[in-house]
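Engineer: Residue numbers (the numbering used here), protein chains in the order written: chain C, 1 to 396; chain S, 1 to 412.
Everything labelled a hint here was simulated from the structure, so no lab data went into it.
Please note that a few of the clues may not be correct.
As the list claims (entries may be wrong) - DSSO-like, lysine-lysine: derived pairs with alpha carbons at most 27 Å apart:
(1) C:Lys141 <-> S:Lys122
(2) S:Lys402 <-> S:Lys317
(3) S:Lys399 <-> C:Lys45
(4) S:Lys52 <-> S:Lys122
(5) C:Lys211 <-> S:Lys317
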Amino acid sequence: MTPRAITGLGITCALGTGAEMVFRALHAGHLAQASKAITSFDAAKYANDSSARVVEVPEFDPTTYLGSKGLRTLDRLTKLLVVAARLSLHDARIKKDNQWVALSPEGVGVCCSNAYGSLETITELDRIATLEDARYINPAKFPNTVSNSASGYVSIWEDLRAFNVTISDGNCGGLDAIACADLSLATGRAAAILTGGGEAMSEALFLAFEKLGVGGTKASPSVETIACETILGEGAAFVVLETTQGAKARSARVLGEVVGYGTSFVAPEAESVLLFTSQEAISRAIAQAIDDAGLAPKDIDIVASSISGLAQFDDEEFAAIEAVVKNVPICVPKRMFGETFGAGGTMGIVSALGWFDGAPVTALVRGAAPSRIDHVLVTTVGYYGNASAVVVRRPR
Amino acid sequence: MRVFITGVGVVSSIGLGKAAYFSSLANGESGIAQVEAFDVSNLGREFAGEVKGFRPKDHLTAGEARRMGRCSQMALAATRMAIGDAALPAAALQGPRASVVIGTTMGEADVLGNLDHAWIHKGASGVRRAWIPKYGSTLLSIHVARAIGAEGSVFTLPGACAAGNYALGLAADMIRAGKADVVVAGSAEMLQRLQFSGFIRLAAMAPAKCQPFDLNRQGLILGEGAGVLVVESEAHAVRRNARLLAEIGGYGMTCDAYHITRPHPDAAGSIGAMRQAIERSGIGVESVDFVNAHGTGTRHNDVAESKVMREIFGDRKVPISSMKSMLGHCMGAASALEAIGCIMTLETGIYPPTIEYETPDPECDVDVVANRARKGAHDIVLNNSLAFGGYNAVTCFAKPYKLPDPPHHQAA
């Protein structure tokens with residue numbers, strides 16, 4: 001692919017809010033700290049240790065970034081995404097003090113991933129409709145139930161008019177958003193694209209993964225160095241993607257470059273299987289991304305993996321990485337950010353940007369931290385046989 | 001590179017399959033009727049474009065039907081119809097050069113509804129573990145890819161009412177960029193009680209009729225269904241001697257960035273999207289023969305869309321019509337189903353009517369194809385969608401080789 005410049009980062013996640021705070025945490029080698037107490041829903045009825053399996057955005061207060069007006073009916077997912085969007089535009093010096101200082105509303109688009117939508121609002125309104133009366137559904141909240149609502153609010157709050165594409169590819173969405181943004185830049189649909197994703201903690205999400213027995217599961221022994229427990233996370237992150245020429249023309253600071261993308265899907269053979277991962281699909285996505293970047297496997301310095309603590313998935317990913325990029329150090333960004341599903345791929349990219357900024361490599365599950373990092377392979381693995389990968393390059 | 005549509009598949013309230021659908025569109029038949037899927041007795045509204053004749057077992061294996069919600073079931077059924085219509089050999093869809101892009105609004109809404117209701121009535125212990133992995137919009141494209149053997153990009157785009165146009169636009173861009181040879185693209189949506197109730201609470205729903213551009217319109221009527229199209233590169237289609245139904249020309253998209261449910265009253269975004277679609281097709285406005293309206297039957301939409309027509313076409317009254325008068329507003333499925341209606345127009349020259357059109361609205365000074373289908377020029381048509389969230393997407397379709405050579409709409 002034609003290299004795309006990353007000119008800004010907006011993020012709100014387990015490590016804090018804002019690129020500066022998150023980079024500071026990465027420099028300090030912080031890992032995600034499980035919440036002392038869950039704040040996004042009442043966890044009293046669940047096991048005492050439930051908060052140990054959840055990591056929320058610490059002290060998330062959208063009013064700090066958005067003011068207090070207009071937030072009353074917005075759900076948590078929307079607030080996370082809008083905060084990340086605003087911060088990314090400021091970090092990219094496209095806006096300053098909420099005013100446009102570069103580009104224009106018609107020149108900026110959005111590619112936003114989200115895996116599960118606003119479970120918070122859907123379950124709340126369903127409960128009202130079922131236990132009370134459907135006629136009591138709050139019409140001001142109803143729009144939050146629509147899958148592209150949070151992404152749509154990003155455009156509304158930040159006045160981004162080029163286009164808005166919402167992607168729902170489960171864990172792979174954050175990287176598939178890169179593919180959509182790349183095509184949109186290639187076809188001249190925008191000068192800059194907020195590319196990323198978000199996921200919000202909710203009781204429904206927590207319950208679903210508790211029922212699946214995911215919370216607190218440990219990675220397979222084949223994942224070598226550290227115990228890697230699944231911690232449900234939340235957060236939102238956008239990187240601002242521009243053509244390298246466009247970034248240069250406006251003298252934008254470049255944090256990194258996305259230089260390759262690959263994706264693949266392989267279906268399970270057994271009719272009854274739904275949850276599935278394929279080493280072949282992951283290998284193919286990785287090989288494609290490296291080839292798309294015009295690189296050889298030996299050029300990859302480190303992998304920001306999708307390893308999450310689910311043995312079945314981690315084993316396949318580990319083997320796929322090994323099959324294509326032998327003996328490369330493998331990091332687990334989910335130890336820093338938690339499992340953020342639709343935002344996970346973007347969090348992997350954020351890890352790479354942190355390393356380019358000089359942050360030490362932590363949460364390695366194989367190998368030692370390389371002395372210099374020029375090319376990072378970011379991987380995402382879906383729950384149904386899909387996988388995507390990108391290569392991020394140190395800015396030149 | 002030219003990009004062609006070679007097959008279409010339809011699950012709709014006015015017919016299953018291309019032939020039934022085309023016939024109903026041409027004859028102005030309405031699929032809007034009393035809702036049967038759930039209890040609407042206390043909601044104050046009871047009509048929708050519900051798909052009543054769809055039997056999953058006619059199109060899916062028992063195993064497929066079991067692991068899918070209704071939305072995916074309809075998407076896969078429409079996919080199989082489209083592949084059959086395209087006479088596409090199974091081998092052409094297998095492997096990394098075949099991709100799937102499916103749009104939606106709410107995806108597997110019934111799966112989530114079932115989980116939610118079990119949780120509400122029985123508590124956490126009542127939530128069936130086996131149902132949980134069946135939820136997620138991503139499954140629409142995953143199920144389709146799995147069934148047909150595609151191993152390239154597998155994307156789900158929840159682009160609300162513009163989702164079908166998004167899927168087709170992305171499919172065309174992927175092919176032009178050399179990332180795929182064939183893409184199964186379309187969109188799907190199912191009716192569900194929560195969403196039906198929510199639209200009533202938004203005061204957006206009409207009692208019984210959808211009347212786009214009519215002075216006495218009372219709002220939208222929801223619908224459901226799936227529309228799927230086989231999209232191929234010229235080289236791929238020619239190599240297998242495929243019948244070419246239509247060419248995908250330019251594709252425009254913008255965002256209003258104005259209001260979550262209403263279009264911008266100035267319609268600048270939707271004007272921009274239509275202008276992009278025309279310019280990216282390498283044609284002038286005079287080449288457009290027909291416009292399929294988004295045409296929801298709400299005043300906000302109809303007035304904004306009429307403004308778009310005036311702004312783009314000036315004094316020239318290009319015929320416009322809304323299939324939603326027959327289908328209801330099928331939300332995520334709408335613009336793919338309507339794209340297939342546009343293919344009918346290109347094939348037959350028939351402009352589908354806007355039924356229930358009784359009293360012209362002076363604010364909508366457009367040439368509505370009122371109540372009865374009309375025949376006319378049919379080389380180039382536009383498919384308009386102005387979606388929830390301010391998402392605007394317009395796709396240009398043309399008879400094969402009626403558009404200029406492709407550099408105009410080729411990926412850079």
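Engineer: Hint by hint, say whether it matches the structure.
Structural biologist: To see whether the hints hold, each was checked on the structure:
{"no.": "1", "hint": "C:Lys141 <-> S:Lys122", "result": "holds (25 Å)"}
{"no.": "2", "hint": "S:Lys402 <-> S:Lys317", "result": "holds (21 Å)"}
{"no.": "3", "hint": "S:Lys399 <-> C:Lys45", "result": "violated (62 Å)"}
{"no.": "4", "hint": "S:Lys52 <-> S:Lys122", "result": "violated (30 Å)"}
{"no.": "5", "hint": "C:Lys211 <-> S:Lys317", "result": "violated (59 Å)"}
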